[in-house]
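Undergrad: Build out the structure end to end from the sequences listed, making use of the hints.
Chain residues, written in single-letter form:
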Amino acid sequence: MFGILALVVAVVLVREGMDGVVEGLKGSWSLTRRALPITLLGMGLAGTLQVLAPPGVIGKYMGEDSGLLGLAIGMAAGLITPGGPYVMYPIGNALMASGAGIGPMAGYVSTRNLVTVNRLVVWELPFLGWPFTVTRLIVSFWMPIATVILVPIVYRLLPKAIRDKAPSKEAD
Amino acid sequence: MTLGVMAGLFLTSLLVIKWRHGNEGVKAGIHQTSSMLRRIAPMMVMGMIIAAMASVALPSEVINRWLGDESGMTGVFIGIAVGATVPAGPYVVIPLLGTLMANGAGVGPLAAFITAWSVIPISRSLVWEYPFLGAPFAISRYLVALAFPLIAGLLAPPVFALFE
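Which chain is which? The protein sequence lines are Z and C, in order.
With this note's numbering, you'll find the first sequence wraps up at 172, consecutive numbering, no jumps.
With this note's numbering, you'll find the second sequence wraps up at 164, consecutive numbering, no jumps.
There's no promise every hint is true.
Partial pick of chain C residues on the chain Z-facing surface, computed with a CB cut under 10 Å [to be verified]:
1. Leu3
2. Thr33
3. Met48
4. Val56
5. Glu61
6. Ile78
7. Ala81
8. Val93
9. Ile122
10. Glu129
11. Ala135
12. Ser140
13. Gly153
14. Leu154
15. Leu155
16. Val159
Taking lysine-lysine and the DSS-like style, the derived pairs with C-alpha atoms no more than 27 Å apart in a straight line are [unchecked claim]:
17. Z:Lys60 - Z:Lys165
18. C:Lys27 - Z:Lys165
19. C:Lys18 - Z:Lys60
20. Z:Lys165 - Z:Lys26
By construction, these hints were calculated from the structure, which means they are not laboratory data.
The beta-carbon is built from N, C-alpha and C at its ideal position, and this holds for glycine as well.
TA: See the structure below:
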């Protein structure tokens, strides 16, 4: 990220000089002021949710044989998981370790990546407006469904050498 | 409005924790939040600066030409390529998309960008998904999602037109 930052600042300096940099910094401040309160609340909620619904417990209901219930739990968990990759992947790892199956995991990751509530409310709606946000939801709502159906099929088609690299599950 | 709802949810969750887990639970929640905050705050600040600087650095003509409504399939593919490679969180990408939108980028390329960034991010898949969820899961999911950004980029303009 330092690299990207240095690059854009350098481009602004070359093209617009110091005035451009000052203008950019002013813009950054107004963006930050707009996003700060909701981001802080979102992170507070992320912390409390992890205490209320520990992933190690939830994962037991997302087993390979859990059927539609497991898929629904996985997708619901994806919808409400806030924070970035440093939150969702450790949670996903804990879910898998406690027995979550491939289908429910695919549901978790895809709803988290595509339609997660936190990102919609904190980022997309304020910055991109509702017509675009609703459009994006309409063109992507089917993706998590296609994902939970197709990922287990592709998973079984993978060569055994690759499948053997799956993280092992905790023995109860 | 949104702020009120979020504040309500946060307070409710704190009360439920206090009731079910006592002060220990509240402390654990606060600890989770503060460690997250420490990791994210510097990235957030940098993200905001990047997004705002990019709006100064990228003139509208350039955005219009490569990502505008008239850019067609080229714009959609540029959106996919940039979305899949940009190694950044929502605090960079969404404000950046807002900047692009305000400067003439079309709905198709933007939808392709955000979808590619969501489902086929190269660096996030390598750095996070593969180590935490394992190679077989990460590979199967990536393969299944490959076509999603293109489909989103093609479907978005006609859907968006319904709201105008």
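Undergrad: Honestly, which of those hints from before does the structure not fit?
TA: The structure conflicts with hints 5, 6, 7, 9, 18, 20, although it agrees with all the remaining ones.
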